[in-house]
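Protein chains in written order, with the working numbering: chain A, 1 to 380; chain B, 1 to 380.
Hints may contain errors.
No copy is singled out in the list; a pair is fine if it fits within one copy or between any two copies.
[Claimed, not checked] Pairs of lysine-lysine, DSSO-like flavour, derived with a Cα cap of 27 Å:
1. LYS184 to LYS226
2. LYS100 to LYS226
3. LYS325 to LYS100
4. LYS325 to LYS226
5. LYS226 to LYS368
6. LYS184 to LYS100
7. LYS184 to LYS325
8. LYS184 to LYS116
Since the hints were made in silico from the structure, they are not lab data.
Residues per chain are reported as follows:
Number of protein chains: 2
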Amino acid sequence: MLPPTKLNLSGERLTAIYHLTGDQAEARTKADDICIEQTIEFPAALVPDDDIRGHIFGRIEDLQPLSQERYEATISYAVETSGFELTQLFNLLFGNISIKPGVRLMRFELPDSLYKAFNGPRFGQSGLRSLLNIPTRPILCTALKPMGHPMSAMADFAYQFALGGIDIIKDDHGLANQQFAPFKERVERCVEAVARANQETGYRSIYMPNITGPADQILDNARLAKELGAGGFLIAPALMGPDTVRSMADNDDLGLPLMGHPSFQGSYVISPDAGVSHAALYGQMARLVGVDANIFPNYGGRFSFSREECQGIAAAMEMPMGHIKSIFPSPGGGMNVDRIADMREVYGRDVLYLIGGALYQDSDNLAKTARQFRALAEQV
Amino acid sequence: MLPPTKLNLSGERLTAIYHLTGDQAEARTKADDICIEQTIEFPAALVPDDDIRGHIFGRIEDLQPLSQERYEATISYAVETSGFELTQLFNLLFGNISIKPGVRLMRFELPDSLYKAFNGPRFGQSGLRSLLNIPTRPILCTALKPMGHPMSAMADFAYQFALGGIDIIKDDHGLANQQFAPFKERVERCVEAVARANQETGYRSIYMPNITGPADQILDNARLAKELGAGGFLIAPALMGPDTVRSMADNDDLGLPLMGHPSFQGSYVISPDAGVSHAALYGQMARLVGVDANIFPNYGGRFSFSREECQGIAAAMEMPMGHIKSIFPSPGGGMNVDRIADMREVYGRDVLYLIGGALYQDSDNLAKTARQFRALAEQV
């Protein structure tokens with residue numbers, strides 16, 4: 001038995017809601033296990049009746065059946081265990097238990113003292129609307145493709161899309177710094193092309209390059225892109241690390257909007273009985289990470305998310321989270337203009353429509369296709 | 001249709017092996033889909049018979065049944081598509097398809113030209129053995145716990161463990177920089193305690209603090225720990241970002257061994273039909289990331305990995321991967337000394353035994369318990 005410990009804690013707790021598989025007894029065992037695994041990871045019997053047992057241990061606040069084989073556990077943790085850091089917060093919410101079957105993190109609620117530790121998105125929905133001068137309508141986005149296509153031709157795609165009124169023209173997330181897609185040349189050419197189109201149209205389209213590469217060069221890459229005239233950054237939190245993205249959002253020298261990409265992140269949501277819910281991952285966690293818009297696969301496209309899961313994501317992007325701004329849902333993944341009417345029902349106006357490959361079907365008339373896309377979006 | 005593109009590619013390809021669910025037709029569809037989704041992410045019909053179609057498209061090299069409802073696909077990609085960068089390589093191997101059900105990355109093989117882009121672990125098995133002066137026996141490791149315990153008392157645990165001959169005394173991965181576990185004080189105290197014990201014993205035990213915190217401070221934290229006398233670093237790739245860990249391994253100013261922690265990473269392996277295999281994640285990818293030893297939950301502990309999965313991990317830590325060094329499997333997660341005989345059968349001598357909580361059962365006699373642990377390990 002350890003000697004008793006006295007800690008000077010605030011008493012404030014953060015709360016995580018998990019779904020647990022199994023009957024009531026199994027769910028209770030899993031909930032008890034989470035309380036230990038996510039905190040002391042130590043034999044509970046060796047801890048006396050002290051502040052560690054009373055406050056550091058996770059605490060089951062509620063355990064409710066959802067069905068005979070699925071329970072919802074509400075577990076709280078002392079706010080101090082988060083260290084007021086993003087990495088430790090994610091570790092606390094879903095670190096070791098990510099390795100255990102039958103535990104899914106559904107959502108979380110933080111006290112204001114912890115939300116205040118994070119700046120969240122620099123722009124958020126309203127900031128991005130101001131920046132792009134789009135007060136109310138859905139925002140349009142497309143992607144520059146395909147990998148291997150020459151940069152001069154890719155820049156012409158960017159020009160055509162901007163001419164047709166696409167607001168955000170982003171790199172495909174597979175464009176890194178390959179010999180056939182050199183980063184600096186790509187940014188230079190695409191920035192120039194979009195600026196040229198903006199001069200003709202009077203629009204404020206922006207180009208968002210994909211920011212990837214060695215972790216110790218990532219800020220330099222982003223700075224270079226900004227100097228060259230990029231209007232924002234595409235970045236994949238699971239590839240670059242969630243806190244690397246947070247550090248970009250917080251960096252005053254950068255000061256441009258971020259769009260999150262879901263690459264390498266699908267494993268968190270793919271099993272309904274484990275991982276992290278769509279809403280928590282693409283919505284809540286993304287807001288703490290600090291992206292202003294977050295891409296996820298829309299229902300009915302090339303991926304398998306349901307309409308309800310997508311609605312859950314969009315709701316989590318706007319739900320109250322202290323001072324953390326709302327962000328734009330950016331449903332993509334095999335979308336086309338025929339889906340807009342249905343997407344309007346699900347997402348309303350506060351959405352960033354991402355249509356990629358489908359805009360290229362008439363590849364000699366990208367500007368015309370883009371104009372049709374824009375006209376549809378303006379009908380809202 | 002796009003105009004034809006001519007690319008100056010080497011013809012070298014890297015290979016990824018995926019397991020796909022479904023019958024033959026479904027598996028073929030999934031394999032075809034991977035070839036596009038992971039590369040051009042663009043309507044294939046718009047690409048002419050050019051170098052993009054011929055080389056940038058993923059290529060199905062083989063498709064073999066494993067059962068009526070599971071197929072193994074071998075898919076190759078042009079080495080240039082990786083950009084010779086870790087983040088883009090992971091994106092290429094398992095980026096968007098992480099979001100698709102029924103696709104599991106089992107293993108990969110890279111050409112030497114791509115292995116050469118990575119340094120891999122700085123020490124590896126032989127380097128860590130030299131550093132610790134342990135030519136042949138298994139290496140012993142324990143963790144400082146529980147969260148909330150005062151740093152002075154935690155340092156005394158470290159002293160006792162070192163006195164008893166534990167080679168690596170690491171932080172529990174939940175110790176960040178909380179008010180009750182301040183990073184600098186913790187490192188100072190634990191380094192001093194282990195050094196004092198080493199003076200008494202003549203051993204070379206080392207203390208490995210958990211390196212976490214803001215991405216833009218992580219190298220500074222590691223440098224501080226090294227200056228204070230830390231002997232290595234514990235780090236969780238899924239929390240900090242795989243390439244952040246790679247940048248630490250490559251950093252000559254740090255030059256200390258890294259131990260990987262599986263926190264927040266379990267979602268990749270938890271579903272047998274999706275994600276990444278245990279061997280690829282904890283073995284192959286960890287070696288590219290550059291950890292010298294990697295922690296994973298042993299079979300028969302608090303987690304659910306099978307003996308075969310653990311054997312697969314250990315094999316992947318030693319399989320040929322160009323010049324990339326072998327690393328130590330560090331099975332943990334509810335281990336105790338009674339498990340050593342069985343673990344010896346599975347892992348042989350080239351293993352890092354991680355026993356945490358179980359060593360504290362007789363908390364007034366940690367050194368004695370540690371000596372028993374060491375005696376058992378020396379019997380190999």
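Going through the hints against the structure:
1. For the identical chains of this complex, LYS184 and LYS226 are intra-copy neighbours only, at 11 Å inside a copy versus 36 Å across copies, given an alpha-carbon limit of 27 Å.
2. Proximity of LYS100 to LYS226 under the C-alpha cut-off of 27 Å is found in neither arrangement, the shortest distances being 42 Å within a copy and 33 Å between copies.
3. When the C-alpha separation of LYS325 and LYS100 is checked against a cutoff of 27 Å, the pair qualifies neither within a copy, at 32 Å, nor between copies, at 30 Å.
4. For a Cα distance limit of 27 Å, the shortest separation of LYS325 from LYS226 inside one copy, 23 Å, qualifies, whereas the shortest one across copies, 38 Å, does not.
5. Taking the shortest Cα distances, LYS226 and LYS368 never come within 27 Å of each other, neither inside one copy (29 Å) nor across copies (60 Å).
6. Taking the shortest Cα distances, LYS184 and LYS100 never come within 27 Å of each other, neither inside one copy (43 Å) nor across copies (32 Å).
7. Taking the closest pair of Cα atoms, LYS184 and LYS325 never come within 27 Å of each other, the shortest separation being 32 Å inside a single copy and 33 Å across copies.
8. In this assembly of identical chains, LYS184 and LYS116 lie within 27 Å of each other by CA distance solely across copies; the values are 24 Å between and 36 Å within a copy.
Checked against the numbered hints listed earlier, the structure breaks hints 2, 3, 5, 6, 7; every other hint is satisfied.
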